[in-house]
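**Student:** Could you put together the complete structure from these sequences and hints?
Per mature numbering (1 follows the signal peptide of the UniProt record, and there is no 0), the sequence shown runs over residues -15 to -1, 1 to 245.
Simulated from the structure, these hints should not be mistaken for lab results.
Because the structure is a prediction, the values reported are computed rather than measured.
Everything hinted at is true.
Below, in silico cross-link-like pairs of lysine to aspartate or glutamate (EDC-like), each with a Cα-Cα straight-line distance of 20 Å or less:
id, residue 1, residue 2
1, Lys109, Glu61
2, Lys169, Glu85
3, Lys19, Asp49
4, Lys42, Glu108
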Amino acid sequence: MLLLLMLALSSLVHSAPILNTSLPLDCEDVYNFKISVMKNASVPSGVYTIYPAGSNKPVKVYCDMGCLDNGGQQDEKWTVIQRRFNGSVSFYRPWAQYKEGFGDPAGEYWLGLENMYIMTNTEKYQLRVDMEDFEKGSAYAQYTTFTVSQESTNYMLNIGGYINGGAGDSLSFVNGRGFSTFDKDPTGNCAEANGGGFWYYGYWYWYQCHLANPNGLYKYGNVGTPYTGIMWQSWKGYYYSMKTIVMKIRRTNLEDLTTK
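**Tutor:** Okay, structure coming up:
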């Protein structure tokens, strides 16, 4: 049994190499390094530096070092890839900026599709999407599989293994779809019509492009204009725009395999 678990854990690593294994790939690496150096010291959530593309390309990220799961237990260390909470940063951006990333990891930001591609093809990752409404309600959706393919596929999304955290599943709808921005949109016009870049489905009608729009326009609650706000249809419907939404990833580990 132990041998099988060890083999399963080894299969979690993709074929894409880490360019320098001494540098942190994600927030889990940051945490482990800090603990090894500082021993019993705590490692708070905050902005840290990772190196998904090697030593010459440091990337600032926000690390959630104390996320709680649905049972109130402390979960693993999460690397935040997207964060919205006050509308201070516009997410209506061209392809080049979504590729490289934008914003401030201490505030609102997008990590960058190329970084996501490198990370999720070096290790296997899970995705968690946390959201809050303007009435102090909160929920999340979690997915045990999250991979972003290379740019030649328009950074195609591979997502699966939904875990219910109260928000419902609004993201599996775009599994297998490429990323869209207003200046590079394989769907035709979904990005322009819905106010931001994201993985959209690409129906003929713009209002059938998605069930989730985390990078949409920042609005306030139950607004009159549907679809274009920061919406998660399975929790609040098409007409409600969230107060906060955070997308974050962590590696799949041995504990995940033994608790299924």
